[in-house]
Structure formats: C-alpha cells, structure tokens
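Below are the chains, spelled out letter by letter.
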Amino acid sequence: MPLDRPLEIRGLGYAYGEGALRKTVLRDIDLSVEPGEIVLLTGPSGSGKTTLLTLIGALRAMQEGSCRVLGQELMGAPEAARVALRRRIGFIFQQHNLLGFLTAQQNVAMALELQPGLREAERLSRATAMLGAVGLGDRGPSRPSELSGGQRQRVAVARALVGDPGLVLADEPTAALDRQSGGEVARLLRDLARSQGVPILMVTHDPRILDIADRIIAMEDGRILPTTRAEAAGGG
Amino acid sequence: MNVIGAAPEQAAGRVSAPPAAPRGGGGLDPLRLPMRLAWRQLRADRARLLSAIAGVLFACVLVFMQLGFRSALFDSATKLLGSMQADIFLIHPMTLVSFKPETMPRSRVSQALALPEVQAAVPIYLAQSTWRNPETGRRRAIQLVGFDTEVGVMDFPGLAPLVEALKRPDTVAFDRRSRPEFGDAAKLLAARGPFDVQVGSSRMQVVGLIEIGPSFGADGNLVMSELNFRRIAKERRRETVDLVAIKLRPGTDRSVAVARLTALLPPDVRVLAGPELVAHERRYWEEATPIGFIFAFGSLMGLVVGMVIVYQILFSDIATHLKEYATLKAIGFGNGYLRRVVLSAALILAVLGFVPGLLLSTFLYDVVGKGTFLPLMMDAGRAGGVFLLIFSMCGVAGLLAMRKLADANPADMF
Ligand SMILES: Nc1ncnc2c1ncn2[C@@H]1O[C@H](COP(=O)(O)OP(=O)(O)OP(=O)(O)O)[C@@H](O)[C@H]1O
Ligand SMILES: [Mg+2]
Numbered sequence: 007m008p009l010d011r012p013l014e015i016r017g018l019g020y021a022y023g024e025g026a027l028r029k030t031v032l033r034d035i036d037l038s039v040e041p042g043e044i045v046l047l048t049g050p051s052g053s054g055k056t057t058l059l060t061l062i063g064a065l066r067a068m069q070e071g072s073c074r075v076l077g078q079e080l081m082g083a084p085e086a087a088r089v090a091l092r093r094r095i096g097f098i099f100q101q102h103n104l105l106g107f108l109t110a111q112q113n114v115a116m117a118l119e120l121q122p123g124l125r126e127a128e129r130l131s132r133a134t135a136m137l138g139a140v141g142l143g144d145r146g147p148s149r150p151s152e153l154s155g156g157q158r159q160r161v162a163v164a165r166a167l168v169g170d171p172g173l174v175l176a177d178e179p180t181a182a183l184d185r186q187s188g189g190e191v192a193r194l195l196r197d198l199a200r201s202q203g204v205p206i207l208m209v210t211h212d213p214r215i216l217d218i219a220d221r222i223i224a225m226e227d228g229r230i231l232p233t234t235r236a237e238a239a240g241g242g
Numbered sequence: 203m204n205v206i207g208a209a210p211e212q213a214a215g216r217v218s219a220p221p222a223a224p225r226g227g228g229g230l231d232p233l234r235l236p237m238r239l240a241w242r243q244l245r246a247d248r249a250r251l252l253s254a255i256a257g258v259l260f261a262c263v264l265v266f267m268q269l270g271f272r273s274a275l276f277d278s279a280t281k282l283l284g285s286m287q288a289d290i291f292l293i294h295p296m297t298l299v300s301f302k303p304e305t306m307p308r309s310r311v312s313q314a315l316a317l318p319e320v321q322a323a324v325p326i327y328l329a330q331s332t333w334r335n336p337e338t339g340r341r342r343a344i345q346l347v348g349f350d351t352e353v354g355v356m357d358f359p360g361l362a363p364l365v366e367a368l369k370r371p372d373t374v375a376f377d378r379r380s381r382p383e384f385g386d387a388a389k390l391l392a393a394r395g396p397f398d399v400q401v402g403s404s405r406m407q408v409v410g411l412i413e414i415g416p417s418f419g420a421d422g423n424l425v426m427s428e429l430n431f432r433r434i435a436k437e438r439r440r441e442t443v444d445l446v447a448i449k450l451r452p453g454t455d456r457s458v459a460v461a462r463l464t465a466l467l468p469p470d471v472r473v474l475a476g477p478e479l480v481a482h483e484r485r486y487w488e489e490a491t492p493i494g495f496i497f498a499f500g501s502l503m504g505l506v507v508g509m510v511i512v513y514q515i516l517f518s519d520i521a522t523h524l525k526e527y528a529t530l531k532a533i534g535f536g537n538g539y540l541r542r543v544v545l546s547a548a549l550i551l552a553v554l555g556f557v558p559g560l561l562l563s564t565f566l567y568d569v570v571g572k573g574t575f576l577p578l579m580m581d582a583g584r585a586g587g588v589f590l591l592i593f594s595m596c597g598v599a600g601l602l603a604m605r606k607l608a609d610a611n612p613a614d615m616f
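First to last, the sequence lines map onto chains A and B.
Using my numbering, read the first sequence as starting at 7 and increasing by one per residue.
Using my numbering, read the second sequence as starting at 203 and increasing by one per residue.
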C-alpha cells in the first residue's frame, strides 16, 4: 500500500544560495520508508544528509520534486501546514536541546502541549510513563544539568516519542555520547520504535549502531548510491 | 494511555490523519501554557528576575513621584483660591494668575448685588508683603488676603471663631500650614496668647490660626479685614479690588446666576463659578509654565529607562536560549506560541515590579510629603493609570524583544 508509506520522495533536488553562489547539494533523490521501518542514512561529510532530513522534517521549504510525509505533500506547502506536520514528527538532535529551566518530566510533557484537549494531569502521566520507558522513571524531577549526557539524550528520545509521532527523524543522535551510552540510546530508540510501530530515519556516522537498521542508505555528493540498498543488518 | 504498547496497525493508521484528541484541556490553554513557560523561565534565573523587577520598580517609582509632584504642585498652586468657599467669583478678564491680579473697579460689587439671586458680595484684596519671623527675626515673603470677614461670604477653615478678633485694628490670622520658616505661630499663641509681628513696615497682632496651605506663589498666608489690609498695603487704593466673592441665595442655580451676572456686568469683569476659578488658575500653571512639561518629561524618561531594562532582559533571555527556542519551533510550536511566551514574560514583570513599586511609592509619598509640605497622596485613579503605563511599557518591550525570535531558525537545529 504505497499510499500508507510514511515517507515517499520523488525527484527531490535542493540548492543553497542564489545566482553565482548557487550550490546544488541534493539531486534527483528517490527514497521511501515503509511503515515501521528503521532506515539509517550514512555518507561522507557534506553529502547532504542533514539537508535532506531538514526537508523531510518540514524545517526548510522544498525547491524541486515531491516529498510526501505522513500523507502531507511538502512541495509548495504553506508554513502553517509545515508547522502542523512537525507536530506529528518526533525529532532527535545531535545535542539534546532540552530546556534547561524545566525538569525532565516538564520537558517531555511540553511536547504534549501541542496536542489540543489534553489535561495537565494526562500530559504529566504520559510524560512519566515515557520516561519510565526510556529507563528514567525516577529522574522526572531532575533538571537536564543534573543528568549525564546519555540520560539527557534519553530524555530527548522520550520527548520525541511521547506524542505518538508517525515518523521519527534523528540526526547523529549518538555523536555527542561515549560508546556505551551511544549504543544504549540507539537500541532504546529502536526498541521503542518497534513496539510503537514508528518508522525511523536516522543519519549516523557511528559504525557501532548500524546493527539497529532494517536498511542502510548511503549518500554521496547529493545522491543516493544505488549499490547499498537492502543491506539488512542482523540483531533487532 | 499505554505509550509503548501501541500496535503497528494503529501506527499506520496515524500516517494519514493525526489522532483526534479528546476535549479536556481548558479553553485558556493557548494563553495559560505560554504564560506558565514564561514564568518558569523567569523563575529559573533569580538574579536576572530580580534585576528585571528592580528595573520595573524603578520606572514605577519614578513615574509615581513625577505624577505625584505634578499634581501636588498644581493642587498647592490653587490652594488659596480653592479654600475660598464662595459660590461665584468676579475677576478681571486679563488676570492670568491670582498672585499677579489686574484690578477691577470696586463699584462692580454693588452692581452685582443688584441681581436678586445674589445674597452678598465682598471685595477681596490680594498682595504680597513680608513677615518677620518672631523667633529668628528673618524676613520672608507672605501672601496677604484682605476681605470683609464679617459678611460670611468667604470662609476658611478656622476663620469663624476669629471674626470678632479680626475686627480690631492691626490684627491678622496666620495660616497654620505655612512653611516652618515663618516660625511656630501655634506654639507662640499657646504660650503667650496673641503676639506681635512685623508685616511689611507695620506692627500687627496675630490673633489666631486659619488653614490654607502654601502654594506656588506663596509660602505662607495671612488673612485679615479689608481695613487692616490697607494699613499694611498702604499704596493700595480703596476703589480697586482684585477679586469679588459672591454668595448666592440658597436654592439658586449657579450656572443661571453666572449667565445673568455676565449679562449684567460690563466686560471688564469675568464671572466664574468657584471650581472654574480654580481650573483657571491651574490652567495657568499647566500651560503657561514649563512645570507640566517637566513632569511629563520626567515620567517619560522613567518609562523609557524601564522599557530599555525590560527589553534588555527579555532580549538576552531569547538570545541565550536561541537553541531552545529553535528546538521548540522544530518540534511544532508556532510563532504565536513563542510570541505569547515573550509577551507573558513582559507582563509578568510588569505585575511583579508594579506591586512593590506601588507600596514603595505610597511610603515615599508619606515621607516626602511630610518633608516638602506638598500634598502627595496615592489614589486609586493614579495607581490604575500608572499600572496601565507600566503594563504598556513592558508590553512594548516585549513586542520589541520578540523580533529576536526570528533568529531562532529550526532548520539550523540538525
Ligand atoms: N545553510 C547553508 N547554507 C549554505 N550551504 C550550506 C548550508 N548548510 C549546508 N550547506 C552546504 O551543503 C552541503 C551539504 O551539507 P549537509 O549539512 O546537508 O551535509 P551532511 O551530509 O549533513 O554533512 P555532515 O556529515 O558533515 O553533517 C555542504 O557542502 C554544506 O557546506
Ligand atoms: Mg549533517
């Protein structure tokens, strides 16, 4: 059922700058993600991975081609539609980007303020449940400054997943972590996504976490390399 | 809801349509939640919060003091005329202010009496002279007010029991609220009874105290009979008067009487109801002197300084949290939500600064009022007005700081 695909990209192109400074960073991208699929995106620095992720995440306006995310066509989509779409996507950044003046629980609950009609008690109990799911059930009242790097990134995972997103986008979520906590966060993300049935598109350079993928896609110079398709990993 | 137990089919169903959330949250959430976030952010940095509150408090106190002085000075400027309790006054049309009066012919008094509505009319004489402090011997300018104390047209608090004594030659009543530089007349009266002072070049006897209060033109006042007035102000001619006070028969409509007097009298007098005379005097101080401007300018400066402080605080709050704001935008918070956060922070600061500002100003009114003999009084109208000013000041600061939100670009987050 291709219509139910959470992500479907056809002939996407993107260039930064204007006129003589114009620099094409993405060309003729075709890419789709199946429901529940975990896809890793790798490639050398400057190959355009982050740019592609920001386009899919509706953080940037499209220039060329078609990009359907969770049923919403992004080509020519107005700002309001893009903001609305972002609420249905779970974002995980390289830095945790938690609000320092809020507790872990408040940070997670904030993501639910975007859903109309929820009561405060519901927001807090869902945030607590989600923190439990990332193994931080007892750290709800802690501020980010009181948590370790791995714990902060797990709070960020909880924030991304608490709103039941239809798609998770992550850009090098383990890059700032040491080997052990990086692996923990990656596997945690995979397990939670599997149990929720949420597809993940994750950019990573980290060879230690390639095993969580259903499929690995390699990019080079703004294109997707055809050879590395369906390089399914073990585990999971 | 079980977060981790959702089935994949359910997840696939969400792909095309976001879940219809059950209604439950308050309708005020779009305002309440940003305000709560703003408060949590402000509260997190105590030092910054305190300096912001101090900035608002400073602006608040400055505005309160400026407005307080302004209205106290205008009130005191009209003190003398305001305490003359007559129904209608006649002044010369060219008189700008009571301490520099143009004179009218005395015959206007009897002309006014021809009107049946008029029960009594008395001429009033005004002049400046000097008073020698009976304790230190220093001389100081003082306002003389002379009129027929007997007819009962004019009244000042405390005058009634002195009417008989003031009929005697060379007697005066001293304004007990005159500045202390004139000497403590109340103490002297209590100690020795009526005592002598030098007024101008005449020796007069102080027989009692009345209550008027110092004004712009005069630090102190003396009230006396018409006859005694001319003994001090020897150069003044009997035929010209400075002001005429009129008492109407009970039950007479004042505005009708004003109209009839205007029609009756020649154009060298102007007919004013009591409050109109006070307003006329006040207008002189407001419009013909820079006093009103000085205080308006002072208030404006207070507001500008307060606004700059609040703006700085809000702006640097956004600048240091740019990443967090960009993250909020990335995960789907609209510009409206974030703008409401900034505006809420500004308005919270307005309230937190205003409340102590009001208390401190009330205290200062009391202290400064006692020290300067100016009638500084906090009233609900002024408190409300200053609150609106402070609220707008913070609102404008918030609106200006908000522009910094545009720098939070969610596309830079990855
Ligand atoms: N805002 C921007 N303006 C102009 N050029 C940009 C901008 N962002 C990225 N680029 C350029 O676009 C190209 C692709 O950048 P992008 O960040 O998408 O690559 P990447 O694959 O994510 O690299 P890395 O692995 O280093 O994160 C690079 O050459 C980069 O210099
Ligand atoms: Mg990148």
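Worth flagging that the hints you see were computed from the coordinates, not collected in a lab.
Every value quoted in this text rests on a predicted model; they were computed, and no experiment measured them.
Positions of the beta carbon are idealized from the N, C-alpha and C atoms, including for glycine.
Honestly, I wouldn't trust all of these hints.
Computed beta-carbon distance windows for the label pairs [unchecked claim]:
id, chain 1, residue 1, chain 2, residue 2, range
1, A, R125, B, A481, 53 to 63 angstroms
2, B, L233, A, G82, 27 to 37 angstroms
3, B, K525, A, D184, 21 to 31 angstroms
4, B, T574, A, G123, 56 to 66 angstroms
5, A, R125, B, T574, 53 to 63 angstroms
6, B, G597, A, K29, 19 to 29 angstroms
So, partial list: chain A residues that the calculated Cβ filter (under 7 angstroms) puts toward chain B [claimed, not checked]:
id, residue
7, Y22
8, L59
9, L65
10, E70
11, R88
12, N103
13, F107
14, L118
15, R214
Which of the stated hints cannot be reconciled with the structure, identified by number in ascending sequence? 6, 7, 10, 11, 14 and 15
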